[in-house]
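Work out the full structure, taking the sequences as your base and the hints as a guide.
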Amino acid sequence: MPDIELQHIRKEFEDGKIIALNEINLKINNNDFAFLLGPSGCGKTTMLRVISGLTQPTVGKVLIDGVDVTGSPPQERGIAFIFQDFNIFPLSVFENCTYALKVQGYSRDYIIQEGEKALTIVGLAHRADEIPIGWSNGDLQRLGLARAICSGAKILIMDEPLGSLDPKISAEFRWELRRIIKDQGLTAIQVTHNQEEAMAIGDYIIIMREGLILQQNTSELLYRYPNSLFVGNFLGGINILEGYIRKDYQDNYYDVKIRLGGPTFKIHSTDKKFSLDENVIVLFRHEEVYLFPLDYDFENSQADWTGIVLMDGSISEKYLTGKAMRYMVELGNEDTVSVAKPEVFQYQFDINEGIKVGIFNEDLRLFKYPKNLAKEMDLQ
Amino acid sequence: MTQIKIENLSFQRRGFQILNNINLTIENGEYITLVGPTGSGKSSLIGLIAGLYKPTSGKIYFDGIDVTKIPPEERNCGLMFESYALFPHLNILDNVSYARHMKEANHQDTYDISREVIDLVRLTDRESTMPHECSGGMQQRVALARAIMAIEKRGILILDEPFKALDAGLRLNLRREVKNIVKSPLLNMTTIHVTNDMKEAMMGDRIIVLDQGTIRQFDSPDQVLYNPKDLFVANFFSTEINHFSGKIIAREPTEGKMFREKQLSKIIISTNENYILYAKTDKNFQVGDEVTFIIRSQYFKARHKRRESKTNSIYGKIKRAKFMGAWLRIELEAPFKPHNGLSEKNHTEVHTNTLPMKTIKIEVPTTRTAIHNFIVGETITVYYPSEFVIVFPRIPEKKLEQILRVD
Numbered sequence: 068m069p070d071i072e073l074q075h076i077r078k079e080f081e082d083g084k085i086i087a088l089n090e091i092n093l094k095i096n097n098n099d100f101a102f103l104l105g106p107s108g109c110g111k112t113t114m115l116r117v118i119s120g121l122t123q124p125t126v127g128k129v130l131i132d133g134v135d136v137t138g139s140p141p142q143e144r145g146i147a148f149i150f151q152d153f154n155i156f157p158l159s160v161f162e163n164c165t166y167a168l169k170v171q172g173y174s175r176d177y178i179i180q181e182g183e184k185a186l187t188i189v190g191l192a193h194r195a196d197e198i199p200i201g202w203s204n205g206d207l208q209r210l211g212l213a214r215a216i217c218s219g220a221k222i223l224i225m226d227e228p229l230g231s232l233d234p235k236i237s238a239e240f241r242w243e244l245r246r247i248i249k250d251q252g253l254t255a256i257q258v259t260h261n262q263e264e265a266m267a268i269g270d271y272i273i274i275m276r277e278g279l280i281l282q283q284n285t286s287e288l289l290y291r292y293p294n295s296l297f298v299g300n301f302l303g304g305i306n307i308l309e310g311y312i313r314k315d316y317q318d319n320y321y322d323v324k325i326r327l328g329g330p331t332f333k334i335h336s337t338d339k340k341f342s343l344d345e346n347v348i349v350l351f352r353h354e355e356v357y358l359f360p361l362d363y364d365f366e367n368s369q370a371d372w373t374g375i376v377l378m379d380g381s382i383s384e385k386y387l388t389g390k391a392m393r394y395m396v397e398l399g400n401e402d403t404v405s406v407a408k409p410e411v412f413q414y415q416f417d418i419n420e421g422i423k424v425g426i427f428n429e430d431l432r433l434f435k436y437p438k439n440l441a442k443e444m445d446l447q
Numbered sequence: 126m127t128q129i130k131i132e133n134l135s136f137q138r139r140g141f142q143i144l145n146n147i148n149l150t151i152e153n154g155e156y157i158t159l160v161g162p163t164g165s166g167k168s169s170l171i172g173l174i175a176g177l178y179k180p181t182s183g184k185i186y187f188d189g190i191d192v193t194k195i196p197p198e199e200r201n202c203g204l205m206f207e208s209y210a211l212f213p214h215l216n217i218l219d220n221v222s223y224a225r226h227m228k229e230a231n232h233q234d235t236y237d238i239s240r241e242v243i244d245l246v247r248l249t250d251r252e253s254t255m256p257h258e259c260s261g262g263m264q265q266r267v268a269l270a271r272a273i274m275a276i277e278k279r280g281i282l283i284l285d286e287p288f289k290a291l292d293a294g295l296r297l298n299l300r301r302e303v304k305n306i307v308k309s310p311l312l313n314m315t316t317i318h319v320t321n322d323m324k325e326a327m328m329g330d331r332i333i334v335l336d337q338g339t340i341r342q343f344d345s346p347d348q349v350l351y352n353p354k355d356l357f358v359a360n361f362f363s364t365e366i367n368h369f370s371g372k373i374i375a376r377e378p379t380e381g382k383m384f385r386e387k388q389l390s391k392i393i394i395s396t397n398e399n400y401i402l403y404a405k406t407d408k409n410f411q412v413g414d415e416v417t418f419i420i421r422s423q424y425f426k427a428r429h430k431r432r433e434s435k436t437n438s439i440y441g442k443i444k445r446a447k448f449m450g451a452w453l454r455i456e457l458e459a460p461f462k463p464h465n466g467l468s469e470k471n472h473t474e475v476h477t478n479t480l481p482m483k484t485i486k487i488e489v490p491t492t493r494t495a496i497h498n499f500i501v502g503e504t505i506t507v508y509y510p511s512e513f514v515i516v517f518p519r520i521p522e523k524k525l526e527q528i529l530r531v532d
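Chains as they are written, first to last, in our numbering: chain A, 68 to 447; chain B, 126 to 532.
Simulated from the structure, these hints should not be mistaken for lab results. Fair warning: this is a prediction, and the values are worked out from it, not measured in the lab. Do not take every clue at face value.
Pairs of lysine-lysine residues, derived as BS3-like cross-links and limited to a Cα-Cα distance of at most 30 Å, are as follows [claimed, not checked]:
| id | chain 1 | residue 1 | chain 2 | residue 2 |
| --- | --- | --- | --- | --- |
| 1 | B | Lys426 | A | Lys385 |
| 2 | A | Lys442 | B | Lys304 |
| 3 | B | Lys304 | A | Lys385 |
| 4 | B | Lys486 | A | Lys94 |
| 5 | A | Lys249 | B | Lys442 |
| 6 | B | Lys442 | A | Lys385 |
| 7 | A | Lys249 | B | Lys387 |
| 8 | B | Lys447 | A | Lys385 |
| 9 | A | Lys385 | B | Lys354 |
| 10 | B | Lys486 | A | Lys249 |
| 11 | B | Lys324 | A | Lys385 |
| 12 | A | Lys385 | B | Lys289 |
| 13 | B | Lys426 | A | Lys423 |
| 14 | B | Lys324 | A | Lys423 |
| 15 | B | Lys486 | A | Lys385 |
| 16 | A | Lys385 | B | Lys387 |
Reference excerpt, derived from the structure (chain B facing chain A, CB under 10 Å, subset only) [to be verified]:
| id | residue |
| --- | --- |
| 17 | Thr163 |
| 18 | Ser260 |
| 19 | Leu350 |
| 20 | Arg493 |
Quick reminder that beta carbons are idealized off the backbone N, C-alpha and C, glycines included.
So this is what it looks like as structure tokens:
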């Protein structure tokens, strides 16, 4: 029943010239399935290596089950790895699966018992005698998982394990992976660049950037309430508008006037305080923008539009993304917003068509104007 | 700017038939996306175009000239792979101009052209930056510029899963940028972009769908999406699909109204489970025909209230709801019965005591309403517009499973 804790972890390379991890504090509870996301070079892989013992931290402690394991080698930590390029030996499936046990000198009976158990869990028991050459990547992943289970490790560390799979295959496999992790009482940490995968199967997501943990929460809370523009932008399509505080209602509500003659929004902010005239950024997502034809009858509509702020707009671009219609809408004040609508949306708009654009005050998130907006929005 | 024509192209490797009698024409300046599952022959097809492999039979023409026997270095193709390797010891400008320097004596000219291309990929003022100082997205742009520079005036750009290793947000921005760059009047290159990502595929002027070495469909994104030639294509361009098999019990004459420039006629289908569902199609089905039809998960509208009066509405209990960012993925357990819209008294015989349950997979945008109301255990009504149903002649159950099976 392992939980993992990192205390004040710092990792420097090249005599402190490169700081890969900077004061990382993290706790992953027993049987959690955590996802680690962040742009390349953010420290994800270094963090996995520190947890597993492949890399020693410059400062800080690694605790597994409350026991300080900093300094102890990987094999003593009860950790198994699954990587994108699985090392499959030219042996039978059974031998591949039980290789670690054999090397460790376990009895033949024990090896057979554990090997059969692990292969049954991943659904490969009937193929135990095959040589897995030419197998599909999906099946190889299964074998990798069986090998990890068979090793007796209770912590599973996965670096892009589904990276080489077709989207359809990995969608199917990921549910099974989650089920097996939960059923077998494993604690798992996975690095991926596929946000959708992380949202689909992770218990929570940890977002890293430049050696720091920016935010850690369930996918829904992260997506809806990012604590920074970067996290908001990293997890999916956003729009931002620049404005300033025009009125402070003293109850965490602010009137925000959008620049260049844009509308005024009344926005709630629990975690940040703003002062009058302060420059701010207003964030909302592509799917949170409502579009109406000019003659839409709001008064006699069945839907409740209370709290929506309406603006004039015109469609400047539209294209299919396969699942939705993406509209680029120019607002009266020279801002452009990106809007995603399902194809079954009741209205279809043409390019240059004038429309009404609506956003609910409640859907808006308010942020301090960053020192360097371009850098804050840079996903690279 | 080159027209590519491929005639009866077949390719075998280690005794396996990789490509089977491929025929296609890609026009000057077209941006083509090439999709297909692993092992479908995508990489072989671009390898044959670039001249990296020799075909077993068939011919390839660039602008009407037979290039089948011409070596790769003389074919004027620029390639960019997922695992592009920039020269670590050269700065951006030298990386980009490297290939051209090898061919051209006039280095000053080469630098001038390279700078123009560097401008295009929005790396102006960064030309002396070294690769290790570049972020992932910047490196991607450098690799693109380098691939472009490898091509002389009339040439072909081949992008092999260029964004596979990038995070979703970055991919979103880059893929439109790349198309704009290669379509700019200065370049206007014929481009083949291999991808596994549906959204990326949709940005092609036309899409080639490859499966088991044959072209399943080569069409505009609209056609591939709305008029898939077969279930394979339909499934490939879906996240999740719902499929039903049944029989057409009524057909109404063509409506005057056009939908996506097509005349549709309404058909009423009684499914194997005795559900009555409507579809609109431009295909010529008759009463009595056995059909299989699909509804993609994103083609449902969902209402919190129970409202059965509408045709094509299904109500059921939410069995699973998964937050996926912009979309909420819902599995609905629906007890089916014949619906109104079609007068029920004519179809009382299909009422049974035990209503069959069917799982319907739907996806709706994560608006506030959706998040607050569409939770596990709630009963909701979903509805699909009949125009969005895709109808095929009956596909036998075994074949259906085989196509929809994920390996």
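Here is what the structure says about each hint:
For the given pair, Lys426/B sits about 21 Å from Lys385/A by alpha-carbon distance, which is consistent with the 30 Å threshold. With a CA separation close to 24 Å, the supplied pair Lys442/A and Lys304/B stays within the 30 Å bound. Proximity of Lys304/B to Lys385/A is assessed by CA-CA distance (about 15 Å); at most 30 Å being required, the pair is judged to hold. Between Lys486/B and Lys94/A, the direct Cα distance comes to roughly 35 Å. Violation of the 30 Å bound is thereby established for this hinted pair.
Between Lys249/A and Lys442/B the CA atoms are separated by roughly 25 Å; this keeps the pair inside 30 Å, and the hint holds. A hinted pair counts as satisfied when its Cα atoms are at most 30 Å apart, and Lys442/B with Lys385/A does not qualify at roughly 35 Å. For the suggested pair Lys249/A and Lys387/B, the alpha carbons sit about 50 Å apart, so the restraint of at most 30 Å is broken. Taking the CA atoms of Lys447/B and Lys385/A, the gap is about 28 Å. The hint holds against a cut of 30 Å.
Between Lys385/A and Lys354/B the alpha-carbon distance is near 25 Å, which keeps this suggested pair within the 30 Å criterion. Restraint check: the Cα-Cα separation between Lys486/B and Lys249/A comes to about 24 Å, which is no more than 30 Å; the hinted pair holds. This hinted pair checks out: Lys324/B and Lys385/A have alpha carbons roughly 14 Å apart, not beyond 30 Å. About 25 Å separates the Cα atoms of Lys385/A and Lys289/B, which keeps this hinted pair within 30 Å; it holds.
Restraint check: the Cα-Cα separation between Lys426/B and Lys423/A comes to about 22 Å, which is no more than 30 Å; the hinted pair holds. Straight-line distance between C-alpha atoms of Lys324/B and Lys423/A comes to about 27 Å, which keeps the hinted pair within the 30 Å bound. Under the criterion of a C-alpha separation no larger than 30 Å, the hint pairing Lys486/B with Lys385/A is consistent with the structure, at around 27 Å. Of the supplied pair hints, the one linking Lys385/A and Lys387/B holds, its CA atoms being roughly 21 Å apart against a limit of 30 Å.
Interface restraint check: Thr163/B against chain A, minimum CB-CB distance 5 Å, threshold 10 Å, status holds. Annotation: interface hint on Ser260/B holds; nearest CB of chain A at approximately 3 Å, less than 10 Å. Hint on Leu350/B holds. Least Cβ distance to chain A is approximately 7 Å, under the 10 Å limit. At its closest, the beta carbon of Arg493/B sits 7 Å from a beta carbon of chain A; the interface hint therefore holds under the 10 Å criterion.
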